[in-house]
Structures are given as structure tokens and as C-alpha cells.
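**Q** Read top to bottom, the protein sequences are chains S and C. Throughout, the working numbering is defined as the position within the first sequence, counted from one, plus 8. Throughout, the working numbering is defined as the position within the second sequence, counted from one, plus 48.
Worth flagging that the hints you see were computed from the coordinates, not collected in a lab. A couple of the hints might just be wrong.
Looking from chain C toward chain S, a few residues come up when the C-beta cut is under 10 Å (computed) [unchecked claim]:
no. : residue
1   : PRO94
2   : MET189
3   : ILE259
4   : GLU333
Ranges of calculated distance between the beta carbons of each label pair, as one might list FRET restraints [what the hints assert, rightly or not]:
no. : chain 1 : residue 1 : chain 2 : residue 2 : range
5   : S       : LEU28     : C       : VAL80     : 22 to 30 Å
6   : C       : VAL204    : S       : LEU103    : 54 to 62 Å
7   : S       : GLN41     : C       : GLN179    : 26 to 34 Å
8   : S       : PHE99     : C       : TYR282    : 36 to 44 Å
9   : S       : ASN258    : C       : ALA320    : 24 to 32 Å
10  : C       : ALA320    : S       : TRP49     : 45 to 53 Å
11  : S       : GLN41     : C       : TRP341    : 53 to 61 Å
Keeping only pairs whose Cα atoms sit at most 20 Å apart, straight-line, the calculated SDA-like set for lysine to any residue is [what the hints assert, rightly or not]:
no. : chain 1 : residue 1 : chain 2 : residue 2
12  : S       : LYS114    : C       : ALA223
13  : C       : LYS53     : S       : TRP49
14  : C       : LYS220    : S       : VAL65
15  : C       : LYS54     : S       : SER37
16  : S       : LYS270    : S       : LEU56
17  : C       : LYS184    : S       : LYS270
18  : S       : LYS35     : C       : LYS314
19  : C       : LYS184    : S       : ARG211
20  : C       : LYS220    : S       : SER37
21  : C       : LYS53     : C       : LYS220
22  : C       : LYS314    : S       : ARG68
For each residue, glycine too, the CB sits at the ideal point set by N, CA and C.
Okay, here's what each chain looks like letter by letter:
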Amino acid sequence: MTPLARLAVYLLAAPLIGGLLAGLDRKISARMQSRRGPPIWQPFYDVLKLWDKENMVVRRSQDYYVFFFLVLVVFTGGLFFAGSDLLLVVFALTLAAIFFVLGAYKASSPYSFIGAERELLQMMAYEPMIILTAVGMYMVSGSFYVHDIASRPRLLLLSLPGVFLGFVFCLVIKFRKSPFDISCSHHAHQELVRGILTEFSGRTLAMIEVAHWFENVLLLGWVFLFFGSSPIAGVCAALAVFLLIVVVDNACARVKWPAMLKWAWLTTLVLGFGNILALGFF
Amino acid sequence: MLAFKKSPWIIHYDASSCNGCDIETLACLTPVYDAERLGVINTGNPKHADIFMVTGAVNAESRDVIRNIYHQLPEPKVVVAIGSCAASGGIFRECYNVSGGVDTVIPVDVYVAGCAARPEAIIDGVVRAVQLLESKHKSMMEAARGIDRMVYEQAVLSDVAELLALQMVTYKSEAEIYGDDSLPALQQTLAEMEADFAQWWFVKAVINGKIVGAVQCRVEGNTGYIRRCTVHPYFRRRGIARRLITEAEQTFSPEVTRFETLTGHKSRRNIAMCEKLGYSIFKTEPFLPTIQWVYLQKERK
């Protein structure tokens with residue numbers, strides 16, 4: 009496929025796949041709690057409903073930040089699936105997250121403030137590992153371009169097992185799942201009202217939801233990249249990682265933020281950095 | 049639309065009383081009844097919710113909380129009062145600090161009977177609320193399309209609940225301008241507004257049977273007082289308020305030679321609209337620490 013064709017497929021399929029994954033998440037969570045659970049299409053109903061609700065804001069400008077969050081997430085995914093530079097993907101994704109945080113700060117409510125602060129902490133926790141992943145992939149394949157990394161004949165996983173594990177660990181933080189759902193819990197009544205999402209409603213909340221679908225597809229695409237040479241294994245691995253995160257989400261209690269930072273950085277140091285050191289020696 | 053039927057998000061508040069209905073409401077979300085299979089999420093955040101479920105009688109402490117949560121629910125929204133206490137005050141009705149059911153504070157759409165209400169009954173109430181939510185959304189959409197089929201007429205006493213609901217929704221944006229929820233229009237109860245009908249008459253703007261705008265009028269001497277011009281947030285910036293005031297001016301008898309109205313000093317849009325209609329500012333006076341009243345007048349032509 010040409011980069012443009014891949015981009016088109018991504019733009020059409022990502023919201024669909026992302027939404028279905030979110031539905032699958034709720035279904036599996038329900039089954040783990042021996043409930044029947046909502047239909048798998050539920051996230052789409054939610055977003056359609058939110059689109060028609062009144063949009064209440066504290067400040068009008070908070071909506072623009074969220075709009076740019078969505079645009080940048082879609083842009084980042086586009087870069088990735090068109091086969092562009094992995095470093096650019098990392099920075100664009102960070103910029104998108106920063107816009108989301110700014111939107112929450114703009115709302116100036118104590119709940120959304122604490123949510124935004126915690127989101128920044130989460131970014132601090134996962135960001136080093138994400139960059140090390142890009143670096144590790146470069147060291148093995150000799151290129152930062154997704155296109156080159158994906159077309160490498162040998163499995164990346166064989167050379168980067170530590171980086172892979174570290175990356176999966178950071179995905180739990182990035183997906184905002186227990187034990188690291190500290191900036192906004194998926195179960196809103198548990199803590200901080202709804203953290204970073206507290207002051208968003210209606211269409212803006214729908215946009216955030218759709219942005220998360222795009223983001224999740226991008227991140228699972230990154231998991232796929234570790235298995236670039238055998239696509240079937242890649243898809244299975246991405247799905248398995250997603251299911252693992254859902255299971256972990258249901259099986260764990262939330263930790264405090266210092267524990268999150270400590271664990272995330274330890275993982276980055278031992279698995280990520282250790283793996284890259286080993287690459288340097290052998 | 050289908051989506052409103054499929055994804056009712058609720059917020060639940062226990063106003064007072066024995067917590068029996070409170071516990072039964074939460075029981076609906078447990079694996080036994082699993083309300084989430086119907087798309088129900090207990091949001092805990094009014095800004096994300098569609099259905100406001102209130103249990104227990106209203107007392108002096110919870111009155112403001114209920115009102116506050118109600119205002120923070122985005123439209124369209126439905127209120128469900130669960131249990132005898134929420135409906136009428138129940139066995140606490142005669143208590144010195146209890147003002148009665150939830151409908152003494154905010155408009156209620158669905159009442160679920162029982163002491164305590166059974167989870168099955170509560171789920172039935174939610175299902176009914178979902179239907180109402182859908183019909184509210186539909187009528188709102190139809191109204192938005194039929195803006196030229198608007199009818200302006202005098203309101204009657206039976207409109208008072210709808211007028212109060214409209215006032216609550218409308219004045220929220222004013223409260224945001226001043227950062228103050230203590231505006232008198234937001235504090236009004238159903239009984240107080242009914243009492244207002246003795247002094248004031250109301251002109252309403254109606255589309256498809258739904259009141260989307262209203263204004264209040266009163267005569268004293270040769271002056272016609274016009275106040276509280278409200279237009280539902282969905283229908284703003286379409287000239288409804290201007291038309292309402294013009295219609296209101298025509299309801300005054302010929303003896304009235306002068307019109308007077310007032311608004312807050314930061315409500316620049318209101319002042320600009322009045323000035324377009326020929327009103328001019330003649331005095332300002334402090335009212336609350338955050339608000340100064342601006343008085344506007346106009347001679348009748």
C-alpha cells in the first residue's frame with residue numbers, strides 16, 4: 009500500500025476500531041464482574057448522544073484546546089500510519105496531550121485542576137519509556153522511519169524484549185487504566201468527580217472520547233510495529249496487549265502518584281535502558 | 049434520536065432521610081440488576097449526566113445542592129424523584145426543617161413510588177425517564193426547525209412550572225457572567241413564582257407547545273415595568289428576546305406612557321439589545337456585591 013492509501017484506511021478505520029475496542033473493554037469488564045454488560049456498540053451510542061447534548065463550558069476557550077487535542081491526535085496517527093518519523097510521532101503525541109491538559113487548566117475548577125496536574129505526572133511517567141522505545145527501534149533497524157522499521161525482515165521483538173515489556177507497562181498509564189487511572193478514572197463516581205474530564209460536556213466530551221479512540225489505535229499500532237515482519241502475529245499481539253490491560257484494569261486498585269512514577273521510571277531504567285545497553289554491547 | 053434511548057447517564061443525589069431508597073438506587077447498578085446493560089452509567093458528575101435521580105425529602109441543607117446539581121445538567125435533562133420522601137416528603141413531611149418533595153425545588157418529570165422503592169421500580173422509572181429524554185430532545189429539535197412557527201401569547205397559571213424551569217436554565221448564563229449563583233431569579237421557588245402571577249403578567253414565546261422564552265410585565269401609575277426576559281439557551285441570537293419585549297409592550301393599556309426595565313451591569317448583550325429597542329440607561333444602583341442594577345427607560349410612541 010502507498011502511504012496515502014494507508015493514511016486513508018487509518019482515517020476511516022481508526023474511529024471504528026477504537027470505538028469497538030472501547031466497547032469490548034466495557035463488555036469484558038462486565039463479564040469479569042459477572043454482569044451482562046452493555047452492547048459492544050455502546051461507545052458509539054454514547055458519543056452520538058453527547059454530540060446532541062447542550063455544551064456547557066466554564067470558559068469558551070477550553071473547547072478550542074480540546075479541538076486541537078483531537079486534531080493533533082489524528083495528525084499523529086496519520087504520521088505514524090503513513091510511515092513517517094517515529095520521533096516526530098512522539099513529539100506530536102506529547103503536544104496533543106499538552107493541549108488536553110491546557111484545556112482542563114483553562115476550566116479552572118479544582119477537580120479539573122488536580123486532574124490536569126495528575127495527567128502531567130502521568131506524562132512524566134510514561135514519556136521516557138516512549139522515547140526509549142523509539143531509540144531502541146532505531147538502534148535495531150537503523151532508521152527512525154516507521155516505514156523502514158515495519159519492512160525489516162526480522163522480528164523487532166527478538167532484539168527488544170525489554171523495551172517491549174516496558175512499552176506495554178507504559179501503555180497502562182497512557183490508557184489511564186488501573187492501577188494508573190489517577191488523572192481520570194473510568195468509573196467517575198470513584199474519585200475526583202471525573203478528574204481532567206470534569207468540566208467538559210456535550211460535544212467537547214464527545215471529541216475527547218473520539219480522540220482517545222484514535223490514540224488507542226495509534227498506540228496499539230506501535231505494539232504491532234514490534235512484530236512488523238509478520239502482520240498476523242502483530243495484530244494478535246496488539247489485541248492480546250489490549251486484553252491484558254483490560255484484565256489488569258479490573259484486577260488492580262489505584263496507586264498513588266509517587267508509586268506510579270517510581271514503578272514507571274524503574275521499569276524504564278531496568279527493562280528499557282537495560283535492553284538498549286545490552287544492544288550496545290552485543 | 050436512538051442514541052438518547054441507548055445511553056442514559058445518571059447522577060444520583062440523596063437529599064436526606066433514611067438512605068433506604070439511596071441504597072436501592074445503587075443496587076440497580078450491581079450485577080444482579082446490571083443497569084449498565086441498558087447503557088446506564090452512574091456518572092457522579094452532573095455535567096456528564098442526562099438523568100437526575102433524587103431520593104429523600106428536601107431539607108434546608110440539601111435545597112441548594114439539588115438546585116445546583118440541576119443547573120449543572122446539560123439540556124435535555126430529566127429529573128426522577130425516587131421514593132415517597134422525594135415525592136411528597138413522606139413521613140418527614142411535617143418536620144420543621146423539611147420543605148417537602150423534590151418538586152418544591154426543581155421541576156420533576158418522573159415519580160417512582162415506594163418506601164423504599166424497589167430496584168425493579170427504579171429501573172422502570174429510568175426507562176420512563178429515557179422515553180421522556182428522547183421526546184424532550186425531539187421536541188427541542190422540532191422547535192429549532194420551526195422557529196418561524198413561534199406563537200407569542202400571555203401565559204396562564206398552569207404554565208408556572210415550565211416557566212420556572214425555563215428561568216432556571218436561562219439565568220445560568222447570567223450567573224456565569226457574574227460568578228454569583230445568588231441571583232434572585234435563580235433562588236425563586238414554585239410557590240413564589242405562583243405568587244408573582246398576582247402582580248405580574250407573563251408573555252411567553254411558544255414553539256410546538258414548548259415555552260422557549262418569557263418576559264414579565266407590571267403596571268404602576270403610568271409606567272409599564274418589564275423584567276426577566278428569558279430565552280432558552282438553544283434559541284438565543286435569533287431575535288426572540290427582542291420580539292418578546294415588543295410583544296410585551298403592546299399588552300400594556302394606553303394609559304402607560306413610559307416603559308422601564310433593568311438588568312445587571314455586566315450583561316452587555318442585554319443592554320445592547322434594549323438600546324436597539326429604544327431604551328436608554330437612566331440610573332444604576334448597587335444590588336449585590338457582584339452586581340449593579342442598570343435601569344433603562346423608554347417613552348411610549
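**Q** In ascending order, which of the hints set out earlier in this document are inconsistent with the structure?
**A** Checked against the structure, the hints that fail are numbers 3, 4, 9, 16, 17, 18, 20 and 21, while the rest are satisfied.
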